[in-house]
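Asks: Just so you know, the sequences run in chain order A and B.
Taking our numbering, the leading residue of the first sequence gets 215, the next gets one more, and so forth.
Taking our numbering, the leading residue of the second sequence gets 13, the next gets one more, and so forth.
Hints were generated in silico from the structure; no laboratory data involved.
Even for Gly, the Cβ is constructed at its ideal location relative to N, Cα and C.
There could be a bad hint or two in this list.
Between beta-carbon pairs, the in silico distance windows are [claimed, not checked]:
no. : chain 1 : residue 1 : chain 2 : residue 2 : range
1   : B       : Ile-178   : A       : Pro-382   : 34 to 44 Å
2   : A       : Glu-304   : B       : Arg-222   : 35 to 45 Å
3   : A       : Ala-398   : B       : Val-19    : 26 to 36 Å
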Amino acid sequence: MSATAIVSADHLSKWYGQVIGLNDVSVTVPPGITGLLGPNGAGKSTFMKLITGQLKPSKGSIAVLGEPIWANPVLYHRIGFCPEQDAFYERMTGMEWVTALVRLNGVADATAASMAARAIETVELADAANKKIGAYSKGMRQRIKMAQALAHDPDLLILDEPLGGMDPIARRRTIRLIKDWGRAGKSVVVSSHILHEIESMTANILLINQGRILAEGNVHQIRDLIDEHPHTVHIKADDTRALAREFLADDDVLSLRLEEGAVVVQTGRPDAFYARLTDLAASGEHGAIHEVTSPDDNLQAVFQYLVKS
Amino acid sequence: MNQNPTVFSSTVRIFDLSLGQMLWSRRSVFLGLLLGGPVVLALVLRIVTTLYASGISINGAQPPGATIFGMMVWLLYIRFIVPVLGVFYGTALIADEVDDKTITYLFTRPIPRSAVLLGKYLAYLVCTVLLVLPSVMLVFFLVVPTGGSSVAVAFPSLLADFAMLIVGLASYGAVFAVVGTRLKRPLVVGLVYAFGWEPAVLLFPGYLKRLTVAYYLQALVTHEMPQDSAVSMVLQLFHEVPTVPTSLLSLAAIIAVTLWSAGRAVEQREYVLEQ
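Make the full structure from the sequences, and use the hints.
Replies: Structure representation (C-alpha cells):
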C-alpha cells in the first residue's frame, strides 16, 4: 500500500450472502479528486460503504488515509461523507441539522454553529438555512448533504452520486465546489454513473463493473484502452462504396457497413486507420470526405467497451 | 480536535440530537393517546363516585382510592403500558434510523457506535418518562381522593410509584434494545416476551420467573393488592417476591448486561441500507 494513498484496497471482497458486491479488488486511490464510475449495480455503493466504514470487508483489507476504517471512528474527524440516499431529519432546519452533526465531531456548540453556517454558505444555501429540510427541493437537499460532509473541514470528502437531482445550475456550482476543494489540497472520491459528470470534475478515474475495477488512472490512459477494443468510425463521404472497397483491403478493419451517405467502419487499430484516412482525404482519390466522427471518442463509449469486455 | 471521543460525551450529543426527534415522533403521539386511556378511566371513576355516593364496591366494600390507584399503577402501567413503551421504543432505537436511512450520518462521525445506542436509549428514557409521569399524576389526583383516601397521605407512595415506573421503563427499554439489535422481527419477539412469556412464567413456581423483568418489579410495588378471589388466593401460594435490594440489584444487572450486549451488537453489525 502506498504511503500517500488516500484509499488502499488489497484483495478486497465483499459479499452479501450468495451475492458478490465486490470481487478481489486491489486498488490505490491517490490524493486529489478521483471519480468512481460504474453503472447501477456495478459495486460502486459497496465500495463507497467499505471506504466509509459502514461495511466490513468479507475478505482482504481496506485502509483510508493510511488506517483501517472499520471500527475506527476517530478517522471520521478527517473524513466527510455525503451519502446517496435522500434521508434527513425532516423536521429540523438545515442549520440545526448540520450543527447537530458537526457537534458529533466533538466541536463545542458555538463553534459547531459557526462551522455549519460557513458550510451552508459554501453550498450557497444560506437563504434557506433556517427553513425545515422537509420544505427543501431535491437540489437543496443534495446541497445540505454536501454541507454536513464538508462542515468539519475534512481531509477527504467522499461523495456518493452528489449531483443526483440537481438542476444544471446547481450541478455546475457543485462541480465547481468539488474542483475548488481539490485545488485546496484536499482529496475527494466521488461516484457517479454519468461519465461526463465525472469527466468535468477530474481526469483521474476508477471504472468499476460487476464488482471489479476494470480500469484505473488518468482519463487519457483510460482512453488509450480503446485501442485494445474495436473502434467505430463514422465517415460521411461522396463515394462511400469506393471507400468501403478501399477499407476492405486493410487488415485492421474488422467490419464495415454502409449507411445513407456514410460508411461505418470498425477497426482494431484506430491510430493506423486514422492515419490512412487522413491520407485518403488529402489525396481526394475517392471523392470528398465530409465528416469523420467516432462515438468512441467519449468516455461513455470507452466505458461501454470495458463493461462489455 | 482529532481525539478519540469518549462514550460519555458522544452519548450526551446523540441524546441531544435524538430527544426532540423522539418526542415529536408519530410513535410518541400514538403512545401518548394510549396513556390517555388510564386518565379517561380515572375520570369516569371520579365522575361515578361523585355522582353516586356508593361509588365502586368490591365485595360490598368501597375500596380506598389509594388502593384503586395502586391497582391501576400495577395492572395498567407496570404490566401493560410500560412494556408496550419498552417494546415500541426499545426495539426501534437503531431500527428507526436504519429504516429512515439516517443511520449513515451517525455512523460516519467520530463517535463509538455504542454511544449512538446509549444516547438513543437515554432519549427513550426521558421521552417515555415525560409521557408516563403526567398520565400517572393525573390518575393519582383523580382516583386517590375517592373512597376516603387522603392525597397528602398517599403522596409519598406516588413518588415511589414514579421511581418504580422509571426503573420499569429503564429495564424494559434495555431488554428490548438488545432484542432490537440482535434479533429479527424484534417487535414480534418483544410483544411475545412482554405479553406471553412474562405473564405465563409468573403464574408458576420455579426459577423461570427470574428471567422476567416483572418478577423484580413486583417487589417495588408499595401498594397492598386486594385478594378477592379464589384464583388470587391460589396464586398467592406460589407468590414469591424478592426483596427490594435484590430486585434493584437484579434490575440494574439486567439493564447493564442488556445495554452492553446491545452496544456490542451495534458495534459489530453491518447495516446494509436498502437502495
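Asks: I want to verify a distance hint. Is the separation of the beta carbons of Glu-304/A and Arg-222/B within 35 to 45 Å?
Replies: Holds: the Cβ-Cβ distance is about 44 Å, inside 35 to 45 Å.
Asks: Between Ala-398/A and Val-19/B, does the beta-carbon spacing fit 26 to 36 Å?
Replies: holds, 34 Å
Asks: For the hint 34 to 44 Å, verify it against the beta carbon of Ile-178/B and that of Pro-382/A.
Replies: Between Ile-178/B and Pro-382/A, where Cβ atoms are some 56 Å apart, the hint is violated.
The structure is inconsistent with hint 1 alone, although it conforms to all the rest.
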